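Chains as they are written, first to last, in the working numbering: chain A, 3 to 419; chain B, 1082 to 1249.
Hints are computed from structural coordinates only; laboratory data are not their basis. There could be a bad hint or two in this list.
Output of the computed footprint for chain B on chain A, the stretches with three or more beta carbons under 8 Å from beta carbons of chain B [unchecked claim]:
no., region
1, 146–153
2, 386–400
Below 30 Å or equal to it, Euclidean Cα-Cα: the simulated DSSO-like pairs (lysine-lysine) are [as the list claims (entries may be wrong)]:
no., chain 1, residue 1, chain 2, residue 2
3, A, K88, B, K1243
4, B, K1243, A, K57
5, B, K1093, B, K1160
6, B, K1093, B, K1120
7, B, K1120, A, K48
8, A, K57, A, K88
9, B, K1243, A, K21
On a predicted model such as this, the values are computed, not experimentally measured, just so you know. Glycine residues also receive a C-beta, built at the ideal position from the N, C-alpha and C atoms.
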Amino acid sequence: MGKTLAEKILSDKSHGDAKAGDIVVADVDLVFVQDITGPLAIKQFKEIGFGSIAKPQRAIIFLDHAAPSPHRQLSNDHRFLRTFAKESGCFLYEVGSGVCHQLVAENVANPGDMIVGSDSHTVTAGALGAFATGMGSSDAAVALALGKTWLRVPESLLIILDGAFPKGVDAKDLILYLIGQIGAQGATHKALEFSGQALACLSMSQRLTIANMAVDAGAQVGLFPSDDVTSEFLVSQSRGDSYKPLHADTDAEYQQAIHLNLARIEPMVSLPHSVDNAVPVSEAKGVEIQQVFMGTCTNGRLEDLAIAAGILQGRKRHPDTRLLIAPASRQVLAQAIEKGYISSLVESGGVILPPGCAACLGLHQGVLGDGEACLSTANRNFKGRMGNPEAMIYLASPATAAASAIAGEITDPREAM
Amino acid sequence: MANTVLRGRAIKVGDNISTDLIIPGRFAHLRSNLPELAKHVLEDTLPTFTSELSEGDFLVAGENFGLGSSREHAAIVIKMSGVGAILAKSVAHIFFRNAINHGLPVLLCDTDRISGGNELEIDLTDFSIINLTSGVRLSCNEISPLMSAILEEGGLIPYIRKHRDFEL
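Isolated chain A (complex conformation):
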């Protein structure tokens, strides 16, 4: 019997014949932690007592979630992490570098890699064909100490994508639609594997958006095969040598196959307080929005800012709607400046936040007031997520976010294009 992408990568990393359901110990190519799960991971690492990191050149600390720090205690957590990075020899991305998952995609992840991150959206790097999975701080600590981790090889759901997106519809709408169909636990413990004719026209940016939210369907990983899009992305990031072909076998066994025709997908909105509460934008139209938040590891890339700038150029945000924009990385910010997107967004009344997680998880830079509604391009709308349990969060694409910022209410982006 042939192998799925997950079985192939885990066979390679466990030096054996890994099949769905097996428990394996796999070599880890990259372990990373961020600033709000990292301090515990480092304390746990010290508790193990191994002294040094197994592969310091393959360990990274990111300061992105509370960046710059809004609290004395978080500033001290940053100090702790900086000191550890110096002592241990692992690399640290400073405040303002960007969101860990974007930086991993830009600079580190390669097809066939095994990546452990102490952040659930580590799955983002599945777009590059890496078995990238989020774990807690203790698992990350052990991966730092041993250079390996244990996993149950997941069963895979095959997502077959055909057709092309209509105008105003994008990767975010696709993944919200899919999660709406299978539910927030539709893929718990499993792998999502994407395939089909539409892959050839899905950019790396779009793939990263889709893979990013695999965990919001419960999945352990969301994997794309490697192809020309992968190769061109790696070349553009000056690491074309890291490309390797990676495909599932044609006779691989999947738990289920789901066909999606991109041409039939509409702009989608996830209503509060659940990601799988996804409806076509027409059903959410007219909801007044006090804040639009654009950015994050889901939708803070150059293509996302290009779409938003295209809609907002020469227009103003609604006077009662704040518009916050956090580019996903310094590279994204620099390119967006060069291309004029930042000027358009600022002139339309947008606030540019530093590259990082910004308002996504309720720590700083856009905490919502009681009774306020936010339309966010992030990946989670749980009650309390953006710092206030009395607020409402709607999830949508950059196009829907930009159109809604102008109207001051949830708006179909096709009407604004």
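Let chain A serve as the given structure and place chain B on it in line with the hints.
Chain B in isolation, oriented as in the chain A frame:
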């Protein structure tokens, strides 16, 4: 493991209790001060939780408990509050590992057969549950031998300190 038979009362919560509900991001500045952080466990969904709970009680949930962020602090503050085990119809992937990694048992069973306040007895040697209030015996999913070994050592860090590696 010291105790293989646990007894306590059920405290019930609903479906889809996210890690944002268990311990919201707005308390991230307390993550290096766990006793202070633990005071806020579940406060946005069950404000009476910490006052209602007695040491050893069980947190009994519906579907997809612990979905969302990988923050291990969610499992830690539940354990610190005195919960003896989590019972749920289903549990999110990362949370499941995090709980076991801190020696907090997680049992998957039909929690519709347990009401808030019911007295439960759980035998961790065979993962069996008896609802002492109703007399109903519940079956639950077993965990893998590796997870079971981690749980027996009281968590992942003590397990690795002892074994120095994973033993399959």
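Hint by hint, here is what the structure shows:
Counting residues of the region 146–153 of chain A whose beta carbon lies closer than 8 Å to any beta carbon of chain B gives 4, which meets the minimum of three for the stated coverage. For the region 386–400 of chain A, the stated coverage by chain B is satisfied: 5 residues place a CB nearer than 8 Å to a CB of that chain, which reaches the threshold of 3. Using a Cα cut-off of 30 Å, the hinted pair K88 (chain A) and K1243 (chain B) holds, with the two alpha carbons roughly 28 Å apart. Between K1243 (chain B) and K57 (chain A) the alpha-carbon distance is near 22 Å, which keeps this suggested pair within the 30 Å criterion.
Under the criterion of a C-alpha separation no larger than 30 Å, the hint pairing K1093 (chain B) with K1160 (chain B) is consistent with the structure, at around 16 Å. Annotation: proposed proximity of K1093 (chain B) to K1120 (chain B) holds, straight-line Cα distance about 18 Å (limit 30 Å). Taken as a hint, the K1120 (chain B) and K48 (chain A) pair is honoured in the structure, with Cα atoms around 26 Å apart against an allowance of 30 Å. Proximity of K57 (chain A) to K88 (chain A) is assessed by CA-CA distance (about 14 Å); at most 30 Å being required, the pair is judged to hold.
About 29 Å separates the Cα atoms of K1243 (chain B) and K21 (chain A), which keeps this hinted pair within 30 Å; it holds.
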